[in-house]
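Asks: If you want the building blocks of each chain, they are given just below.
2 protein chains.
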Amino acid sequence: MSGSTAIVGSGLIGRAWAIAFARAGWTVRLWDPVETAPAEAVDTIAGLLSDLAANDMLRGQDASRVLGRIAPAPNLAAALEGADWVQENAPEKLEIKRALWAEMEPLAGADTILASSTSAIVPSLFTEGLAGRHRCLTAHPINPPYLVPATELVPAPWTSAETMEKAESVMRAIGQAPIVMRKEIDGFVMNRMQGALLEEAFRLVADGVCGAEDVDVGIREGLALRWAFMGPFETIDLNAPGGVRDYAERYQGLYEGIFPSMQRRVDWAGPVMETIEGERRARLSETELQERQRWRDRHLMALLRHKARARDDIGE
Amino acid sequence: MSGSTAIVGSGLIGRAWAIAFARAGWTVRLWDPVETAPAEAVDTIAGLLSDLAANDMLRGQDASRVLGRIAPAPNLAAALEGADWVQENAPEKLEIKRALWAEMEPLAGADTILASSTSAIVPSLFTEGLAGRHRCLTAHPINPPYLVPATELVPAPWTSAETMEKAESVMRAIGQAPIVMRKEIDGFVMNRMQGALLEEAFRLVADGVCGAEDVDVGIREGLALRWAFMGPFETIDLNAPGGVRDYAERYQGLYEGIFPSMQRRVDWAGPVMETIEGERRARLSETELQERQRWRDRHLMALLRHKARARDDIGE
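As you go down the protein sequences, you meet chains A and B in turn. Note that numbering that gives the first Met the number 0 has the first sequence beginning at 0, numbered continuously upward. Note that numbering that gives the first Met the number 0 has the second sequence beginning at 0, numbered continuously upward.
A couple of the hints might just be wrong.
For identical chains, the list gives no copy identity; a pair is met inside one copy or between any two copies.
Within a straight-line C-alpha distance of at most 20 Å, the following computed EDC-like cross-link-like pairs (lysine to aspartate or glutamate) qualify [to be verified]:
no.: 1; residue 1: LYS165; residue 2: GLU285
no.: 2; residue 1: LYS92; residue 2: GLU248
no.: 3; residue 1: LYS165; residue 2: GLU183
no.: 4; residue 1: LYS92; residue 2: GLU255
no.: 5; residue 1: LYS92; residue 2: ASP185
no.: 6; residue 1: LYS182; residue 2: ASP206
Just so you know, these hints were derived from the structure itself, not from any lab.
Could you put together the complete structure from these sequences and hints?
Replies: In structure tokens, the structure reads:
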């Protein structure tokens, strides 16, 4: 399946979505309220595509071929003309989203799906008053979506089942791994799980149980090794002879016992931050952060190539 | 650094520790209250070592060479004779641990470190009455330690700083990644973080927000991709322009907002288990669990080899 997509808002996230769609053969039209932004985005994308080609992340295509599918649109109506999918990447301000969606939605064709990249605002808040609200949802990526497959599809109460099914198909077609939510909730799925883990991590450091690096070691040299190819439910399903129910019956007592001590929230920006920032800046100075982000992306690409190879060699 | 270790309790965890120590050049003596268990453990270890050699997990050594360092001991005193490190792997029952440690600790040399593999019992509870309690701690691995590096070092209030430093050195010398805790706490570090994540995962499924597989997708195709080589603190340190403090200031509001909805615990073995077990057994029948555990270990070994290669190629 391929089609055409309108990227509304051509900043960091919009550009990343443009790459994800174009790499899969989709035609991409970029629009932004800042008139020069789409053309600048095309330039930035050209650079990113060269890096991706060098890392074998364009499915064997030349960067120029993928880039050829992406073009700026002169205005919002032109961007949405004939689009099968609209991906909105406006700032995380409700009033901006509401105004934009009110303008945008009537311009879209009757069968077009409209999706927001928001991580912070549930979709009902900016789609309620729209005539075609049944075809509107949130499709929230982990940035950048051309590297990280997981994408949350979040319905408003009026988003139709057909829309959700079609959205799931489109995401799979461009190579994303959709998380199909059945209802909206603040934080969606991934930030809620990340938040739960981080709250405990901050508490452990604040209480002097261990340092920030100890937390990172426990995850990167421990728990996340399995999570990176199985997820937490499959992990516990394989950690008791009789599967996940057996695990719950054997070990729930331990977790139940520690749950009451997880009810207290630590101010992340409070005194604990002295410790965490001190540890982090001792390992990596502020001027090295940007280079380390590139290091992260190289490791991320290498891990994704490894996972694809391991799936071929060992199976899924 | 190498030395000799006594493995007290030759079941699943004891055998795995024997491999971790022997692979690093240590002499290993196995003891178990069941008289035939150590010799049986050596047989089992021989099979595991062949698998590990085939997967290039013995640092270039032959399986027979590593196996040659491991032998059963006729009794507890003989096992501990001259040992630099004692690793206890008894059942997770406080009365068993107490009796065993009371018998074991006086048999150990003055400079010997004694460690428990327990995940469930804080070390003060079975070391309080011991004359040499300053050299006792918990060294809790994720099983199996010869594959998963992260190991929690948990002091009792009377464990000496020297013991903790020496324990850290020994663990690094055999290739583990120590998490050096400053005080004991139920669940230690890793199970507390796993528990926090699982509590939210069970809540999401119980509340009908998404399915168990959606949770697994969000982790294995999303969050854990970075956690597998960075950990959660380094991840957020790189997710805001000004580092971890900037991240906390920008995004804490989102997490603070969802925290109150994380105060309610779902019974893992209650109605939600119908959903989770139904999903899991539809993907993998109970008779396939064992084969899938072997699949997991093959993927785990492949991931560890990948991480070592990526560290060489991209840097740390």
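Asks: Taking the hints in turn, state whether each one holds.
Replies: Hints, one by one, checked against the model:
1. LYS165 - GLU285: Classified as neither: same-chain Cα gap 44 Å, cross-chain 33 Å, threshold 20 Å.
2. LYS92 - GLU248: between (45 Å within a copy, 17 Å between copies)
3. LYS165 - GLU183: within (18 Å within a copy, 51 Å between copies)
4. LYS92 - GLU255: Classified as between: cross-chain Cα gap 18 Å, same-chain 38 Å, threshold 20 Å.
5. LYS92 - ASP185: Within one copy, since 15 Å is at most 20 Å while 42 Å is not.
6. LYS182 - ASP206: The answer is between: 10 Å across copies meets 20 Å, while 36 Å in one copy does not.
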